[in-house]
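Heads up: the sequence lines are chains A, B and C, in that order.
Under the numbering used here, the first residue of the first sequence is numbered 20, with each subsequent residue one higher.
Under the numbering used here, the first residue of the second sequence is numbered 5, with each subsequent residue one higher.
Under the numbering used here, the first residue of the third sequence is numbered 19, with each subsequent residue one higher.
Think of the hints as simulated: they come from the structure by calculation, not from any bench.
Some hints here could point you the wrong way.
[As the list claims (entries may be wrong)] Taking lysine-lysine and the DSS-like style, the derived pairs with C-alpha atoms no more than 30 angstroms apart in a straight line are:
| hint | chain 1 | residue 1 | chain 2 | residue 2 |
| --- | --- | --- | --- | --- |
| 1 | A | Lys114 | B | Lys77 |
| 2 | B | Lys613 | B | Lys567 |
| 3 | B | Lys488 | B | Lys456 |
| 4 | A | Lys114 | B | Lys14 |
| 5 | B | Lys440 | B | Lys421 |
| 6 | B | Lys440 | B | Lys457 |
Predicted, not measured: the structure shown is a model, and the values here were computed from it.
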Amino acid sequence: MHASHSNAHAAPLFLAVVVTLAIAGFLVGTGEPPSTGTPLVLAEHGGEETGSRPVPGYLSLRDTPRTGGAQLEADLLRLRGPGRLDPVDLSGSSKPLDLADRALNRAYAGAPPTIPHPIRQDSAAECMACHEEGLRLREAVAAPVPHEDFASCTQCHVVQEAPIPGALIGHGTGHNAFVGLESPVQGPRAWSIAPPVTPHPIFMREQCLSCHGPNGRDALRSTHPERESCTQCHAIQNELAQSPLQGRSAL
Amino acid sequence: MSTDRRTFLKLSAMAAASAAAARATGSQAAGISAAGISEDQARRTGDGVAWNKAPCRFCGTGCHVQVGTRGGKVVAIAGDQQAEVNKGLLCVKGYHVGLALYGEDRLRTPMLRNGGELVPISWEEAIGVIADRIELDPAGFAIYGSGQWTIPEGYANLKFMKGGLSNNHIDPNARLCMASAVTGFLATYGVDEPAGCYDDLDAADVVILWGNNPAEMHPVLFSRLIDRRSRGEEITLIDIGTRRTRSTAHAQHYLEFKPHSDLAIANGIAHLLLKNGTWDRDFVARNCAFRRDDEKGTLNGEAMSFEDYVAALESYTPAEVERISGVPAEKIRLLADLFGDRSLRITSLWCMGANQHTRGTAINSLIHGVHLLSGHFGRPGDAPTSLTGQPSACGTVREVGTLAHTLPGGRVVTNDKHRQYTEEQWRLPAGRINPKPGHHTVAMFEAWSKPKKEGGDIHTIWVQVTNPGQTLPNRNLLLEPGVKDPDKFLICSDVYPTATTAIADLVLPSAMWVEKNGMYGNSERRTQQWFKQVEPPGQARDDVWQLIAVARELYDRGHAGMKDKDGRFLFHMADAQGREVPVWRWERYYDINVDRALFEEYRPFSRLKHKDLAPYDVYAQARGLRWPVVEQPDGTWRETRFRFAAFDDPYVAKGREIEFYHSTTDDGRAQIWFRPYGDPPEMPDTDFPFWLCTGRVLEHWHSGTMTRRIPQLREAMPQAYVEMNRADAKRLGIQNGEQVRVESRRGAVEVPVWLGGRGEPPPGSVFVPFFDERTPINLVTLHLFDPFSKQPDYKKCAVKISRLPPSPPPQRPTPQRQGA
Amino acid sequence: MPVLSAVLTMSPDPRTRAELLRTLALDPRLSLGDPVEDRLPLVLESASREEDRQLWDQVAHSPGVVHCELAYADFSDLHLHPIS
Numbered sequence: 020m021h022a023s024h025s026n027a028h029a030a031p032l033f034l035a036v037v038v039t040l041a042i043a044g045f046l047v048g049t050g051e052p053p054s055t056g057t058p059l060v061l062a063e064h065g066g067e068e069t070g071s072r073p074v075p076g077y078l079s080l081r082d083t084p085r086t087g088g089a090q091l092e093a094d095l096l097r098l099r100g101p102g103r104l105d106p107v108d109l110s111g112s113s114k115p116l117d118l119a120d121r122a123l124n125r126a127y128a129g130a131p132p133t134i135p136h137p138i139r140q141d142s143a144a145e146c147m148a149c150h151e152e153g154l155r156l157r158e159a160v161a162a163p164v165p166h167e168d169f170a171s172c173t174q175c176h177v178v179q180e181a182p183i184p185g186a187l188i189g190h191g192t193g194h195n196a197f198v199g200l201e202s203p204v205q206g207p208r209a210w211s212i213a214p215p216v217t218p219h220p221i222f223m224r225e226q227c228l229s230c231h232g233p234n235g236r237d238a239l240r241s242t243h244p245e246r247e248s249c250t251q252c253h254a255i256q257n258e259l260a261q262s263p264l265q266g267r268s269a270l
Numbered sequence: 005m006s007t008d009r010r011t012f013l014k015l016s017a018m019a020a021a022s023a024a025a026a027r028a029t030g031s032q033a034a035g036i037s038a039a040g041i042s043e044d045q046a047r048r049t050g051d052g053v054a055w056n057k058a059p060c061r062f063c064g065t066g067c068h069v070q071v072g073t074r075g076g077k078v079v080a081i082a083g084d085q086q087a088e089v090n091k092g093l094l095c096v097k098g099y100h101v102g103l104a105l106y107g108e109d110r111l112r113t114p115m116l117r118n119g120g121e122l123v124p125i126s127w128e129e130a131i132g133v134i135a136d137r138i139e140l141d142p143a144g145f146a147i148y149g150s151g152q153w154t155i156p157e158g159y160a161n162l163k164f165m166k167g168g169l170s171n172n173h174i175d176p177n178a179r180l181c182m183a184s185a186v187t188g189f190l191a192t193y194g195v196d197e198p199a200g201c202y203d204d205l206d207a208a209d210v211v212i213l214w215g216n217n218p219a220e221m222h223p224v225l226f227s228r229l230i231d232r233r234s235r236g237e238e239i240t241l242i243d244i245g246t247r248r249t250r251s252t253a254h255a256q257h258y259l260e261f262k263p264h265s266d267l268a269i270a271n272g273i274a275h276l277l278l279k280n281g282t283w284d285r286d287f288v289a290r291n292c293a294f295r296r297d298d299e300k301g302t303l304n305g306e307a308m309s310f311e312d313y314v315a316a317l318e319s320y321t322p323a324e325v326e327r328i329s330g331v332p333a334e335k336i337r338l339l340a341d342l343f344g345d346r347s348l349r350i351t352s353l354w355c356m357g358a359n360q361h362t363r364g365t366a367i368n369s370l371i372h373g374v375h376l377l378s379g380h381f382g383r384p385g386d387a388p389t390s391l392t393g394q395p396s397a398c399g400t401v402r403e404v405g406t407l408a409h410t411l412p413g414g415r416v417v418t419n420d421k422h423r424q425y426t427e428e429q430w431r432l433p434a435g436r437i438n439p440k441p442g443h444h445t446v447a448m449f450e451a452w453s454k455p456k457k458e459g460g461d462i463h464t465i466w467v468q469v470t471n472p473g474q475t476l477p478n479r480n481l482l483l484e485p486g487v488k489d490p491d492k493f494l495i496c497s498d499v500y501p502t503a504t505t506a507i508a509d510l511v512l513p514s515a516m517w518v519e520k521n522g523m524y525g526n527s528e529r530r531t532q533q534w535f536k537q538v539e540p541p542g543q544a545r546d547d548v549w550q551l552i553a554v555a556r557e558l559y560d561r562g563h564a565g566m567k568d569k570d571g572r573f574l575f576h577m578a579d580a581q582g583r584e585v586p587v588w589r590w591e592r593y594y595d596i597n598v599d600r601a602l603f604e605e606y607r608p609f610s611r612l613k614h615k616d617l618a619p620y621d622v623y624a625q626a627r628g629l630r631w632p633v634v635e636q637p638d639g640t641w642r643e644t645r646f647r648f649a650a651f652d653d654p655y656v657a658k659g660r661e662i663e664f665y666h667s668t669t670d671d672g673r674a675q676i677w678f679r680p681y682g683d684p685p686e687m688p689d690t691d692f693p694f695w696l697c698t699g700r701v702l703e704h705w706h707s708g709t710m711t712r713r714i715p716q717l718r719e720a721m722p723q724a725y726v727e728m729n730r731a732d733a734k735r736l737g738i739q740n741g742e743q744v745r746v747e748s749r750r751g752a753v754e755v756p757v758w759l760g761g762r763g764e765p766p767p768g769s770v771f772v773p774f775f776d777e778r779t780p781i782n783l784v785t786l787h788l789f790d791p792f793s794k795q796p797d798y799k800k801c802a803v804k805i806s807r808l809p810p811s812p813p814p815q816r817p818t819p820q821r822q823g824a
Numbered sequence: 019m020p021v022l023s024a025v026l027t028m029s030p031d032p033r034t035r036a037e038l039l040r041t042l043a044l045d046p047r048l049s050l051g052d053p054v055e056d057r058l059p060l061v062l063e064s065a066s067r068e069e070d071r072q073l074w075d076q077v078a079h080s081p082g083v084v085h086c087e088l089a090y091a092d093f094s095d096l097h098l099h100p101i102s
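Using the sequences plus the hints, can you model the full thing?
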């Protein structure tokens, strides 16, 4: 890598790793006493690709001059990809890809997503370790749950890949021709610069920042995640995927 | 740094801090209440999707879903926010129920077996074949139906068989599912179905699971319960089970008992209530009597004195119960102390663990008995609540009465008055209905699998909405001989190829779920209705139409039974102007709402047992209503949540707090039964050293014919397995994932071992789910059944586990040299 | 230029709390969010690492602050312009 490129590209990447580490430090507890003078714990050279490293606390990061070593450079390179602090893409050009990516683990718009990683099969106790606050670990994002706390996570969310060892005989049933409702692309606006109306129901998706927050997919991220009262400006269009209580006539 | 970027950083920082500050209290930073949404929302939304209600197709919980359709197809599903059962939430099966319609191998045309192959035929031919089989010998024709029959389907079949053919050989798969719950209710209260409802789950302080795993089997009820903890409420959850499950993970107490010894545990609780003086004297004095089995083995048994009851329980000391059940004595005391505390609200839940039991009636009545003896009954949260596994086991099988011995509305064929009333309602000549009960499920298939000359008096069975090829126990005994006998004929109406269509002689393609009108009745007495929303594929047609078409064919051939006493067609239906509509012609079938006509005809039957049903049109405008649904002076219809309790049930006599107004002793009392523990008919021994338990898993419903065609469910749970304890696996040298043979005296299957998976059985015990037709575990299970309910025991039999001989190493294909 | 955010747990005493909020609001380097019960989200902005350290300590030790927890940190400018 040319040195001249290094700085220009490294900034957001470095940012990502620092934020990640800082937040990881926050998650594991920030109550550690000040330890001034502690050197940065990132290794200068070498280090196992898969080995774990001690997580630096905020104070050690704050008090230590940051000079990237070779390992850090390598880490940064691996961390390429959309960063949570990259500017929000308002052009809409990445939206089709982002929505398609999001649809991969949903049967239709509004379906509970399937789980892209192994889980404990006998208990849902561990899900909230990552999904309560949500976190971003390198490329992987654990979205915070967008709905109120339900304790039986596996009631609605199942793994994408069977956990049964020795599953030899295959699935045995064929194709399913179901075509699911596609994800809405854009809520309508009352006039050109009016805030768009939400294009999807918000039941079970009350925590808007789960998808539209800083860790959301590029094209879904809000430019103003700090404004917490989303529905103050964004009216709900199809509040319900629901029929009225009064059904149609019986005959 | 640009101002924009800096502003953005600050905004992100503020968002993170605000979220952290808000979440510490559990407040919803951007929470939006679902309340306040008007009911006048247009059904058709901006994206062209039309939404309408339907109960979920799968289990007995009875969640309502919203079905989104566009262009004649289901495209989305949402939880129904106006449904009291599920309040907008579903389980993974419910969210994917719409996909059940679209497996590519849906049956699309009638097929007749010819030279071993199923060959497409026309509907006219198919209907003719069925009529031929009936005419061959109407008394040897049987219908095997289901707790997935809609209410009108079950009613039409019952009328066709008992009213049309004077033949009582009609029984449902619910016989394998909740028959013992029925006999437990009848023996205790004199009338079937739970007194409480799901509202009890919102009010209970203590919930006891008796051999029950609702986290996987009734997920929405389970989360309705445990999500109360997220709101800061305290619930004590006690799991009395034979293996650790996902439900155990949420329980404070896990009481692991030896299979079958639940009877001893219930008796141990009653023993301590009496010993400690903590039973509810007032409640028992006013509302209960004591009962035990009589020598003739009748369901109602004989009365016993309180002193005899106390004496009978004398031996069930905590120490003795520990010896029988393996549950530590102090845990038995814990249960007795909870039941002994009237300030607590206690709800018991059970399903197949107590029902699929050779002493199923006994354990059902004992659970009721513990609640009655302790007075934990009749207040919100205080209820013994039996859950069902099928969407309309209650609504169709138990209320309509599609069993070999029943008539609609809790009537029985052996009762002269009941037959007479039914004949009048059906406008039949007197004496049309046969007073002798027909074959129950196991007997029906035994009679079909036995040659005619040996007394096998059933020649043809028409199977509807179920899959006995996979779900009957001991298939080698109950099915295989009939399959090979050329005199025997099997008809199967279904939506996909199944283990039953594979052996059927005639296969009929059916419409399913929202491809037809329907009504279901769930576990809490809630009657639900839905409309047809999409067309069935190919030539698939409604099950009710299939039946009416056969009836009409017989009518046209002059079969006297298909005429009422005035010579009208048995299924005479008319439009609003009173003109007969030929609903037996498919193109005219939807000229009127046949479901509505059948339901209105059935409705008067519901009054005898005070299970009053409202008019069809009332259900069309509700998310289900719990019977008795009683008309009010202002013309509205009021449902009943708590039966037999004066504060809610209008049929309780004035001045009584509780009244069991269908008491078997006609004195308003419920029966507290004594039922002794006895060993099960088959137990592990040196040859077959393991207990086998079978059951369901979250992803699959019943025999998996629908859920195994839904990719999300199939990928998560692609095949059956055997769960065993690590210690047993280690002792036998079995690796996780290794293929093993699970074998009983009746049959064997080969499945991989899954250690530390969904559940964990104790040493000496294994579990195999039954959803996978490629590993039919019911080749292995026991066909012995409860003497009262005739329900077989799928939860315990003795098996051995053997390693398979090592297979030859896979042949590595020889690399083909390119362009040689 | 470091941008941090934190959640302050404030003293339950109303008078101390009011004084704390008044003091914090006067500092242009701080942006205060909406308090949730006794917790206050805020953003700390500073021009340098030294100032960041000083500001953090000042906030964390302000009268009326029971506890101070980091929620977010950004040091991107520091990397581009290392302090010598």
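Hints versus structure:
With a C-alpha separation of about 27 angstroms, the suggested pairing of A:Lys114 with B:Lys77 holds against the 30 angstroms cut-off. For the given pair, B:Lys613 sits about 29 angstroms from B:Lys567 by alpha-carbon distance, which is consistent with the 30 angstroms threshold. At most 30 angstroms may separate the alpha-carbon atoms for a hinted pair to count; B:Lys488 and B:Lys456 meet this at roughly 13 angstroms. A hinted pair counts as satisfied when its Cα atoms are at most 30 angstroms apart, and A:Lys114 with B:Lys14 qualifies at roughly 25 angstroms.
Of the supplied pair hints, the one linking B:Lys440 and B:Lys421 holds, its CA atoms being roughly 14 angstroms apart against a limit of 30 angstroms. A C-alpha spacing of about 22 angstroms is found between B:Lys440 and B:Lys457, which places the hinted pair at or below 30 angstroms, so the restraint holds.
Hint violations for this structure: none, all hints satisfied.
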